[in-house]
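Student: Sequence:
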Amino acid sequence: MKVLLLKDPKEDDRGQDPYIRELGLYGLEATLIPVLSFEFLSLPSFLEKLSQPDSYGGLIFTSPRAVEAVELCLEKDNKAEVWKKSLKEKWNAKSVYVVGNATASLVNKMGLHTEGENCGNAEKLAEYICSSPEPSSWCSLLCKHEAESIRCLP
5 MKVLLLKDPK EDDRGQDPYI RELGLYGLEA TLIPVLSFEF LSLPSFLEKL SQPDSYGGLI
65 FTSPRAVEAV ELCLEKDNKA EVWKKSLKEK WNAKSVYVVG NATASLVNKM GLHTEGENCG
125 NAEKLAEYIC SSPEPSSWCS LLCKHEAESI RCLP
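Position in the sequence shown (first residue = 1) + 4 = the numbering used here.
FYI, nobody ran anything at the bench for these hints, they're computed from the structure.
Remember, predicted model here, so these are calculated numbers, not experimental data.
Treat the hints with care, as some may be off.
Dumping the calculated EDC-like pairs for lysine to aspartate or glutamate here, alpha-carbon to alpha-carbon at most 16 Å [stated by the list, open to error]: (1) K98 - E79; (2) K113 - E52; (3) K6 - E26; (4) K92 - D58; (5) K83 - E72; (6) K89 - E79; (7) K80 - E119; (8) K6 - E43; (9) K94 - E52; (10) K53 - E33; (11) K11 - E26; (12) K83 - E93; (13) K11 - D21; (14) K14 - E26; (15) K94 - E121.
Computed beta-carbon distance windows for the label pairs [said to hold, decoys possible]: (16) S90 - Q20: 34 to 40 Å; (17) V7 - E119: 37 to 43 Å; (18) P22 - G124: 29 to 35 Å; (19) G31 - S90: 20 to 26 Å; (20) L40 - E119: 46 to 52 Å; (21) N122 - D12: 23 to 29 Å; (22) K80 - V7: 36 to 42 Å; (23) P48 - A97: 21 to 27 Å; (24) S136 - L32: 19 to 25 Å.
We put the beta carbon where it would ideally sit given N, CA and C, even for glycine.
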């Protein structure tokens, strides 16, 4: 039997999409068709901000796409070397929050230490940030503007 998968291809440790591999184990022939495309629109502006860690209290990565944006920025103008020499260390001196283990793994590969990966979604991550012992002003601002259900500020 044939199966049509409408998703982006992902490779696992064996170099194959896990859905195709798993369906194949059950005798199904899967065809994968990517149905979405994605384009980063503000990379130059983002790179400028990423290059100024002293201006920010930390980073929040909400998805693997956010990590991809950082990686694309670092590929431009030999920024990878600057990242290794100074930027990575400066960002590691701040809080780096992530939503989910997959995002955490990608951020860790960039050399950043993460927290909050077990929160599972943005709302729970915001609660986690607000409950930290010393949330910085940027965290307080984040919490203030989150959904009404998050009440971490007086």
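Student: Run every hint past the structure and note whether it holds.
Tutor: Quick rundown of the hints versus the structure:
no., hint, result
1, K98 - E79, "violated, 23 Å"
2, K113 - E52, "violated, 22 Å"
3, K6 - E26, "holds, 13 Å"
4, K92 - D58, "holds, 12 Å"
5, K83 - E72, "holds, 14 Å"
6, K89 - E79, "holds, 15 Å"
7, K80 - E119, "violated, 27 Å"
8, K6 - E43, "violated, 31 Å"
9, K94 - E52, "holds, 15 Å"
10, K53 - E33, "violated, 46 Å"
11, K11 - E26, "holds, 15 Å"
12, K83 - E93, "holds, 14 Å"
13, K11 - D21, "holds, 10 Å"
14, K14 - E26, "holds, 13 Å"
15, K94 - E121, "violated, 21 Å"
16, S90 - Q20: 34 to 40 Å, "holds, 38 Å"
17, V7 - E119: 37 to 43 Å, "holds, 39 Å"
18, P22 - G124: 29 to 35 Å, "violated, 20 Å"
19, G31 - S90: 20 to 26 Å, "violated, 54 Å"
20, L40 - E119: 46 to 52 Å, "violated, 30 Å"
21, N122 - D12: 23 to 29 Å, "holds, 25 Å"
22, K80 - V7: 36 to 42 Å, "holds, 39 Å"
23, P48 - A97: 21 to 27 Å, "holds, 25 Å"
24, S136 - L32: 19 to 25 Å, "violated, 46 Å"
The structure shown violates the earlier hints numbered 1, 2, 7, 8, 10, 15, 18, 19, 20, 24.
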